[in-house]
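Dock chain B against chain A, hints included.
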Amino acid sequence: MGENALIAVQPQQSQELLTCRVGEQWLGLQVRQVREVVMPQTCTKMPLSADAVMGLINLRGRVITQLDVRKVIGLADRETDVYRVAIVETMSGEDFGLVMDEVGEVIDLDPDSFEKTPKTLDRVWQDVSEGVLKQEERVVVLVNVERFIAMTIPQPEDMDELRVLH
Amino acid sequence: MDQELLAEFLTESSENMASIEEQLMALESNPQDEDLVNAIFRVIHTVKGSCGFLGLSGLEKLAHAGENLLSKIRSLKFAVNDDIVSLLLDCADGINDYLHGLESNGVEPVLDHSSVISRLQAAERLVDMMAGAGITSVAKEAVAAPEPVKQTKAPVAKESVAGDITVDDWAGDFSADVRAALSEQGWHTPEQVIAAGFAPLRDLDAVEPSDALKILGLAKKVVSQGGASKKNTEEKEVVVEKAAVESEAVAVEATLEPERKEPEEKNLPAVQAQPQAQPQEMVQAAVTPKNAGSIRVDVELLDSLMNQVGELVLTRNRLLAMVQESGSMEFMRVGREVDQVTERLQSQLLRTRMQPIKTIWNSVPRVVRDMSKSLDKRINVLMEGEETELDRSILTALKDPLTHIIRNSCDHGVEMPDVRRAAGKPEAGTLRLSAAQESGFIVIVVADDGGGINAEKVKAKAVTMGVIDEYVAASMNDQAALQLIFNAGLSTVEKVSNLSGRGVGMDVVKTSIEKVGGSVDISSEMGKGTQLRIRIPLTLAIISAMIVRCCDKHFAIPQISVHELLSARASSDDWRSIGGQPFFRLRGRLLPILKLAETLKLAEDVPHDGSIVVMDMGDRTFGILIDEIYGAEEIVVKPLGVHFQQLNQYGGCSILGDGSVIPILDCNGLAQMMELSDEANQAVMTSHDEELVAVNEMQHVLVFKHEASRFAIPMALVERLERFAADKIESSSGSEVMQYRNGEVITVLRWGEMIGQPSPDCDEVYGLILSDGEHRMCLQVDEIVDILEVPLEIKKPVQKEFFLGSTVILDQVTDVVDVFDVIKRAVPDWFTSTPEKKSNHVRQSILFVEDAPFFRNLVVPVLQAMDCEIWTAEDGVQACKILADKVPDLILTDIEMPNMDGYELARWIATQERLKGVPVVALTATPPGEQGDERRGLFDDVLVKFDRQTMTSTLQSMMNSYATKKTAGGGVEGISSGQV
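So the protein sequences, as listed, match chains A and B. First residue of the first sequence? That's 1 in the numbering used here, and the numbers climb one at a time after it. First residue of the second sequence? That's 1 in the numbering used here, and the numbers climb one at a time after it.
Isolated chain B, as found in the complex:
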């Protein structure tokens, strides 16, 4: 039994049952109150309904009998008397017995309530008759009229004996009219109803559309429980007969001495059942009652609590600003405490609003099953990370878009079985849903292994729809073309099916995801499948935002779409202007720039000077030019008033620490404002390849300060910047550690201590979280200056520990930190933790060609960790010299190098007979996928710098396959044809 469901059921039922006694009493004194009858009916009905789900057959029988009686009372508007009420109370007590047993043991207790059940059934028939005879009081007549009871036995039994399933057998919950209507149509069994379908059902006069749905649902449930309808009937038949026989006596008893006698009788079987229950209790000893300590809270109350905490966060920010100003130690201490309590309060309250994503994924298997049935496809569903939690308001908002995406994948993604077979794929397609938390965001991926999306088809469609022109289409890469799917009114399926693709589609998905602050993008590979990636914030109420200044105004930009920050001084030669549109050259691409001051009409003719916030909106990337970036802050999103409804540029507002109101920019709104001219558009599309060669090897470095000295550390391995209370650093067996997200414990090194200048104690410190995706450590520093993109030329190499040398950044001498030295100190086995055992194996060798000492320093330890012999060369010429008398197992080379670059080197290698087959891999700062044909042809593979895991695995597998071929072919020459 699903313990979680059970706990839920128990919590809910216990609450409902607690009120039922009171309601029954109220009914006794006010027998005509229909609302009360309805309320009581609903409670019992819910209990019964859940039982079927949980497989609690005993409880179900009891609740079912109670429900039937109540249903009769309800539909006949029968005025109950105290006897019926006490019978119903007995029924409620019985239900409570079950619930208590379930709660303490986790399994359904074995109880015998057959007498209550038969009395309930007898009462039900009595009510029916009395109402029919126009008698409103049942009790005395029930005693005096045992004969009619017998009469009722006849018709019921007759029906049952006939062995036919009637509508009443399974759709008893619905009104007599509805049931009559169903029988009239000749739909007696649930199967028949399902066969008839929804539309004819709905069209019946007696059936409300909502009832039609319910009937269909019930019918499906009954059928899916494996022909339960028939079995139920048989069971019922037996019970009915027994009940009918007993009914006389019971009815008499019930009126004579109901309270006295019944409890005794009832208790007896319960006691007998004890020994039976005990062994179960022992087995189930580990199952603790889940229900304990949980209460149900009104969501509205939680929402209002959330608002209050939001206010508190803002007040806290203001308080801290004032405390800082006061300079009083006393205040600071109190301020810190307030700060910490607020933070805990906020995060814990946020947690109360979180629900696992499986609450909306639960319906997915069913949706996919129905879809695949109607499409004649076979689709399996795999779900990962169902426990990932999200704010409930976001979950609600995500449900529809997700269903749409899933339907799309089933309909358009996964191919028909015969097509799949022909393509050499398993007949059953797979739909994979995964959810995971990634630094403050939840990433949900929906992937299918279907036919993929034809980017050319999308382009062609976009051209016919007038979304783009042919020229733009021709210069568009596939990835960009795929994003066109999110454009309104674009559906690639030629045949519109009734399941998805009705013209409205992915654009609606995109807007609804963006509405909750998320983003979505799509990637696809022909023949392999399609993948949709949704990125959404954990919560809506509090977001992380960049605070920027433009002219004399401050704005907040939500962090979710901020990709990177650039300094773009007027003196920079990366500024371009095409068709009146400003661009900034960023790693060989032209980034269209939106001048915020002009867009918001704060100024005219804004100079090309300031900072650029690079926004990644999934389908497009652009930069917002502003004057200054202050930093990131957690802000509480507040809605804007009615006067700003027309302004798409704003997504809300917030209150800063100084009490001032700050507008939050809506990046989608801003993006819409930037309509690029055709000329400019083409420039963006075509800029990728032509400027690539001109890429200067720029490095993102983080500059930090200690005392008066400045240090630079490459951003490549910096995962995050954290600011935390100094007391978060704890001592553990001689070294310092801290708890990172998800409870991971990571080593902390203090920069000050490492260079022999310990810094004075302070309350709050900065930590650089260094990670290569596998290991993680924290480097504590005093003050962070900036993150810059600079050509990192090390001017004065040094042999000091922890340093590569010094360079000049921002006109200041800055020491460049050797990250690997630092990491080695913190995690000595960083590079040796995943060694692949190579017993008695000849050590493989790698020639590594790289001009920048900085990169050499980064890569060599990684290669060494692969247990390989490493030869290094500073440029192509040196490499040629080494290759003149050595043949490595792999050549790894940079592309941009003085004297002889990577291309030339590769061409030269190609001409050397001895080196045939040796894999040549290029190492580059530009991600693959955008490289020109030149690179593809010359190198066996192109890797991105710093992607350690990919690098290690790719290089290893290349060397291995080279080695195998070498041995198999008996010589190097033999394999030349095998290499691409």
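The shape of chain A in the complex, shown without the other chains:
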């Protein structure tokens, strides 16, 4: 009940986004889904795991699966070991670490500059984005974290087959 009341106080449309950069692309994550942003942690690679899985990290006693966003969208490997990890929470209750090249700032989602995902954008974003936010010098892709993570989970069938279906 308390939660509802809190939301009611806020204007329906106003949402805050955390901007992150991967390669040349800026992404927007819903702030309420991001628990925190952390520096690179000691990461344990898990042999035989899916490509997108960078490994496991220990975040204050919790083991979190770290996913490399670059790998998911098919970019070349990161050249430096400077990166940031956005710890996001999902509906399933499991938290994930999303590895970004850079974390920007928190911005308000301005309904006026919000548009549908343009067809010209990379295919992978068509699948996982809610739309884009056009700013003066950049386009921020609004990422649906649930769908993004679901995409990285290996299925019993071949992953490629699954991609074709999308």
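Hints were generated in silico from the structure; no laboratory data involved. Computed from a prediction, not measured in an experiment: that's the story for all the values here. Mixed in with the good hints there might be a few duds.
Unchecked claim - Label pairs and their calculated CB-CB ranges:
id: 1; chain 1: A; residue 1: S92; chain 2: B; residue 2: Q192; range: 50 to 56 angstroms
id: 2; chain 1: A; residue 1: S92; chain 2: B; residue 2: D552; range: 47 to 53 angstroms
id: 3; chain 1: B; residue 1: F724; chain 2: A; residue 2: E105; range: 50 to 56 angstroms
id: 4; chain 1: A; residue 1: F114; chain 2: B; residue 2: M674; range: 52 to 58 angstroms
Ideal placement from N, C-alpha and C gives every residue a C-beta, glycine not left out.
Just chain B now, kept in the frame of chain A:
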């Protein structure tokens, strides 16, 4: 009365009753609240239900009356008024009186609540009528309408007088619809319902399947209480009549002055009852109220506490690592305290989650009884170790597999009585369940004395099912064949019965046991019975694991399936490659090797070099080749995320002391990955016998260090390695002792002091727990180097105390410790504690032939402890010389010896007339059961080295029977035919 059950009942009821008053009040202000009525009904119902179980007849009557009234209120949706509420409160008070009496005396107090009961019954009928007449308020009418009360008397009495049992008499708890449906079918008595069975019951429209079960259960209960139904009716009849007579007056009273008058009346009989209760109180003085000091805790809360402690353990590990690095004494002291508190917290919290195994065994006698009834068999159940405690989550997971195993034993194991009689066995079969703790694990054994499992049949079935091919089947030994039972879809019973063996079976049992980290294996002897052995960890949350390195990665391997560790250098000549599959020869067997680096795709073409972790999965044994073994650690198991669900190789992960995450390997998953080619499979199956002769007498030794010197001690008597705080060693009357598991107090000897080089004090020490299964002691050492398998040749024998001599291990001169000297020092009566009195008896003699001084040293004291004369020989030739002029009562010989081996010696003995009948026993490092026919024919028995108890008893009984025959036959020659 079962005091434990009683305590449980009291705890539960007191809690429930505490809330009932409040609920009744709430009901008063909100009479239409059905949920409240339900809640109150449930409480009273539970109390009444438990009473029957505990034989609390007085309380039961009171609760029953209350329950009936509530049931009426509930089913008629009757809006209660304050009079009914106060009546119900009186009822609750009465129940509390009983509970208090029970709590302080442990027996049911004698109280008279008949007036409350009759008022409850009167109210029940009133409610019934009022509802029928569409009147919603009972109180005033109750006063004004005594006539209807009388009317109700008539039908009730009529029914009772008829003497027939009606459904209402015993199934009153169920709705009128249900009862009507039952009567319609002509099922009035519980017996009739049982006869009808479950299916027809369930098929009745008015009866929900869940109710059908309950009705059947109730019917059985009523019947099993010895025709209680009828008696109840009679009792009820009397009460009803009395109540009916009184009801007028009571109803009036109840409305006029309920609060004032009733308590007085009620108290009077209670006071009178006091003198009666007192003698009981004196008798029961020893019974302390069990309920005191126990509370009920939500399991979820415990689980979350457990998680928190798990975190604490991990943080503690990290802290200790940092403290160690800091080198500060101050920190170390604090660190140690944190360490100890954490440890205690962890073990005590683990204990709160433990429940005795009898919580799931309780239903076993019933299951077996029902099974044997329907199968026309007779089966007795014996249970041992019911108090053995297990983590509740494991218990829950074990319930179904255990029931399945038990059903299997009843159905397929125990034979029909006539078959048993024909086989010379008692007609009633026995099912034995036992549970015991064995070094961090619980071992549960389910054994029957039935017909056993025919290994050939299992093999044949496996071949037809395509599980194995004929060649493999032919070369398989019986033990391995039996394990095929756990293969999916294998059921040996030709006729599928409806009780067990529906195709799915033992494979499901195996997987569910493995799911909780356990293992299961089966052994059977034709005609004698079958035994299933389940081994499970005490708890799931924290496990002991080996930390290993493979390439540059670390992995944890759960200790439960680790059988042993081997060093397997590239230079070792025990490596084999068959059909592309690497093998390692281990004591004459070929052990298939899984190269972890290749399996996990960490590297290709991994050389045959590193360490091998030998895994024993019950049905199969294999080795995992890794680069390095770091050691064992207690780790907290954490689940892996959704990305790893497809990877069977991992069983979870954990966090190490340095904060890094480590994957835990799932050995079943790994085993599945290792599909052996047919060629390789055959090699495993057939390797046992042919290489046996080539067995080098290898010894497992533990190497430890003191100052700069290295010492080796044979592993044979080392039960465990322990690392503990130095202050665990306590002084007791001049010697040092420590508390071992289960509170056993064992002697501690410090190696440093024994060799005259006391070591400096330190916080933590290593202890080798030495045990022969009977006695136990602890040898404290400074540093443990390794456990190795080496051919233990003592190069330089010495006459020094505590030493056998020295040898070279790992290119270093190592002194070999004489374990028996050490033990004699710690426990002087180790070898003489169980002497068998032999008064004026001629001392028996044993010839012991053994080439290795090391083994001679181990065995001779054991033989001496048997109070026998011992002659020793170093090989067959020497033995022959001794035998030329002496005839011992028994010859005990090693097999592998220079000059003349055990086989030759045995053959020679067989040719000697004088030695006919003298038992010849071989002593070997290889367990029996795998030996070739050669050994069986030549020796009277084959014993395994170090199995002291078996050795002593076997040898003694052989000598005794030899002696008897010698006397009976009047001479040695007379018995030759008697020996095998």
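Hints broken by the structure, by number, lowest first? 2
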